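Here the protein sequences come in this chain order: L and G.
Numbering of the first sequence is given in this note's numbering, commencing with residue 176 and proceeding in unit increments.
Numbering of the second sequence is given in this note's numbering, commencing with residue 1293 and proceeding in unit increments.
Quick caveat, the hints were computed from the structure, so don't treat them as lab data.
Take these hints with a grain of salt, some might be off.
[What the hints assert, rightly or not] What follows is a list of derived Cβ distance ranges for each label pair: (1) L/Gly380 <-> G/Gly1447: 52 to 60 Å; (2) G/Ala1362 <-> L/Asn328: 41 to 49 Å; (3) G/Thr1567 <-> L/Gly331: 17 to 25 Å; (4) G/Asn1346 <-> L/Cys257: 32 to 40 Å; (5) L/Leu372 <-> G/Thr1353: 22 to 30 Å; (6) G/Asp1333 <-> L/Tyr340: 35 to 43 Å; (7) G/Gln1587 <-> L/Ala221: 54 to 62 Å; (8) G/Ser1439 <-> L/Gly331: 30 to 38 Å; (9) G/Pro1569 <-> L/Cys257: 29 to 37 Å; (10) L/Lys223 <-> G/Glu1393: 32 to 40 Å.
[What the hints assert, rightly or not] For lysine to aspartate or glutamate, the following EDC-like pairs were computed, each having C-alpha atoms within a straight-line distance of at most 16 Å: (11) G/Lys1570 <-> G/Glu1347; (12) G/Lys1519 <-> L/Asp329; (13) L/Lys255 <-> L/Asp329; (14) G/Lys1339 <-> G/Glu1560; (15) L/Lys255 <-> G/Glu1512; (16) G/Lys1520 <-> L/Asp433; (17) L/Lys366 <-> G/Glu1560; (18) G/Lys1451 <-> G/Asp1504; (19) G/Lys1358 <-> G/Asp1411; (20) G/Lys1400 <-> G/Glu1345; (21) L/Lys255 <-> G/Glu1515; (22) L/Lys302 <-> L/Asp433; (23) G/Lys1339 <-> G/Glu1410; (24) G/Lys1388 <-> G/Asp1378; (25) L/Lys302 <-> L/Glu442.
In this text the structure is predicted, and so the values were computed from the model without any measurement.
Ideal Cβ placement from N, Cα and C applies to all residues, glycine included.
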Amino acid sequence: MWGLDKTRKTASHRLARGRGWIQAGAALLTNLHLPNFFKGSLYQGAGKTVCVPGLNCYSCPAAAGTCPIGAFQAVVGSSKFCFSYYITGILILFGVLLGRFICGFLCPFGWFQELLHKLPVPKRSTKKLRPLTYLKYAVLLGMVFLLPAFLVNDVGMGDPFFCKYLCPQGVLEGAIPLSLVNSGIRAALGKLFTWKLAILLTVAGLSAVFYRPFCKWLCPLGAFYALFNRVSLLQMKVDSGRCVSCGKCVRVCKMDVDVTKTPNHTECIRCGMCVSACPTGAVCFRFGLGDETKSTKKTTMEEST
Amino acid sequence: MKRKQLTALLLAALMVLALAACGAKGDNKTDGSGGAVQTEDAAATYKSLTERENELLSEHTDLWDKVFLAADKGSAMIEDGTNYGDFLLNTIESAKDQFTEDELALLKKSAQEIREIEDKLTELEAQHPELPDGATNGNSDVEKFPSFEGKDLDGNAVKSDELFSANAVTVVNFWFTTCNPCVGELSQLDALNQELAKKGGALIGINTFTLDGDEAAIAEAKEVLAKKGATYQNVYFDSNGEAGKFITNIFAYPTTYVVDRNGNLVGEPIVGAITEPKQAETLQALIDQAIAADQG
């Protein structure tokens, strides 16, 4: 079946093809402390002082690190600090290195949605829902920054609005496993849990029909990394010399991006489906400082994984 | 393509299995049985039945209060061995003109469930005569609040034994300074402390940031307490001690424990702020239970 591909087994192709495994590996590494699921306890060691790149709840029993979005809100909403410089710095570093490659390869919640998308139900395109993609920037600005920072109580503390009212990953990884094992937490579940469970179920249901609805429309972390797609060291490159304008890359793209026109579009999660689809091997990943003329270079791929 | 699908299928199966494993384990713990010893199972069943009954009675307190008011004259019935559920049903029937149809239906349904629970309890008691004591007073598996020797935020020495034995009930609230819901309930906790003082009880706070006497954390905690007008005692101790290790198993804040005069935990810890009615009611019920046990 792969006989024809012999000529184009580049690093980019291998990376694109191994994506499912990388996602699984990343989800596992992000949630390394698996026995905690059974104990109903949280890992609280040194790892929790570091942010993971993807959206992964701090309160997941197995979580090895902190969710950058959760940490950002906790710091910005605390009475002690005005702004989360340290976490913003880490987010910028992740963004500059990888951009939304993190969404495509490393984010456990992105993987979760993709697995649900494999369910055999009729699929719908999200092309016509493009305006909704701007919603995630509003979530980032409003729920992650402005509301926690400025809607404060008498002692200067704000609520982590995104975590508290919107994030389905918190319910999936935190509330559900913890409440299954911990009766105290189970007893504390109230209206807020019901609301967020409804969000989770909605996102899960939509994920079966649409490709990654949460990433496209709501995720503030994706929104942040999207701003860095244009400048990140990891980029998509299209060799115009090899491109035969067949349009396969556009048709195969589930994030509604035309890689030939806008290879570094904010919606591109670097999943590499276009890389695999391209019959001439014109599309590839590139990592490093940009040099347009050497666009077919296939080096340094390993650094990004 | 086939390989990809197969991989996806395998991974999905793995996830489902992982979740299933979680669920099974969780359910085991719910029962609180753990061991295979029959008495323990029976005790667990007994406990959960009793809890369910209390839950039913605490669901619509206002309605039940009316029922109990109507029952005053015939209260001797409770002691004579009649099923408590029957007693409730009779009382509801005799006072039915005080309720709407919906309320009646609700009360009767609850009373019927209580009757079934009581039947089961009686059966269990027959098989395991030691049960009622164990389940109500918690003698069978009492859990002690971990002992500590520490200081309050003003530097006065505090010993857990002395603290608990001096009070009919001690409410212990775990919080930390940057926890919004924790800070949100401080003034309510202060009011509760004043109320408890009248009944020979007390409330203390344990701010997890102040453990080991971190001075900056103590100053911040004091500032927040002052802003919220909370004057009750806040205590810290060594994080390596028994109580310090106990804290590493608290994953949700605020968490509030009720401790009786003997230093035993009363009921399950209350997770979440008592500014929520549900938490406040549960806490009050445990306090009342501890005070009643202390007097009785």
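Here's how the hints hold up against the structure:
no. : hint                               : result
1   : L/Gly380 <-> G/Gly1447: 52 to 60 Å : holds (57 Å)
2   : G/Ala1362 <-> L/Asn328: 41 to 49 Å : holds (45 Å)
3   : G/Thr1567 <-> L/Gly331: 17 to 25 Å : holds (18 Å)
4   : G/Asn1346 <-> L/Cys257: 32 to 40 Å : violated (48 Å)
5   : L/Leu372 <-> G/Thr1353: 22 to 30 Å : holds (28 Å)
6   : G/Asp1333 <-> L/Tyr340: 35 to 43 Å : holds (41 Å)
7   : G/Gln1587 <-> L/Ala221: 54 to 62 Å : violated (49 Å)
8   : G/Ser1439 <-> L/Gly331: 30 to 38 Å : holds (36 Å)
9   : G/Pro1569 <-> L/Cys257: 29 to 37 Å : holds (35 Å)
10  : L/Lys223 <-> G/Glu1393: 32 to 40 Å : violated (55 Å)
11  : G/Lys1570 <-> G/Glu1347            : holds (12 Å)
12  : G/Lys1519 <-> L/Asp329             : holds (8 Å)
13  : L/Lys255 <-> L/Asp329              : holds (13 Å)
14  : G/Lys1339 <-> G/Glu1560            : holds (12 Å)
15  : L/Lys255 <-> G/Glu1512             : holds (10 Å)
16  : G/Lys1520 <-> L/Asp433             : violated (56 Å)
17  : L/Lys366 <-> G/Glu1560             : violated (21 Å)
18  : G/Lys1451 <-> G/Asp1504            : holds (15 Å)
19  : G/Lys1358 <-> G/Asp1411            : violated (25 Å)
20  : G/Lys1400 <-> G/Glu1345            : holds (14 Å)
21  : L/Lys255 <-> G/Glu1515             : holds (12 Å)
22  : L/Lys302 <-> L/Asp433              : holds (12 Å)
23  : G/Lys1339 <-> G/Glu1410            : holds (12 Å)
24  : G/Lys1388 <-> G/Asp1378            : holds (15 Å)
25  : L/Lys302 <-> L/Glu442              : holds (12 Å)
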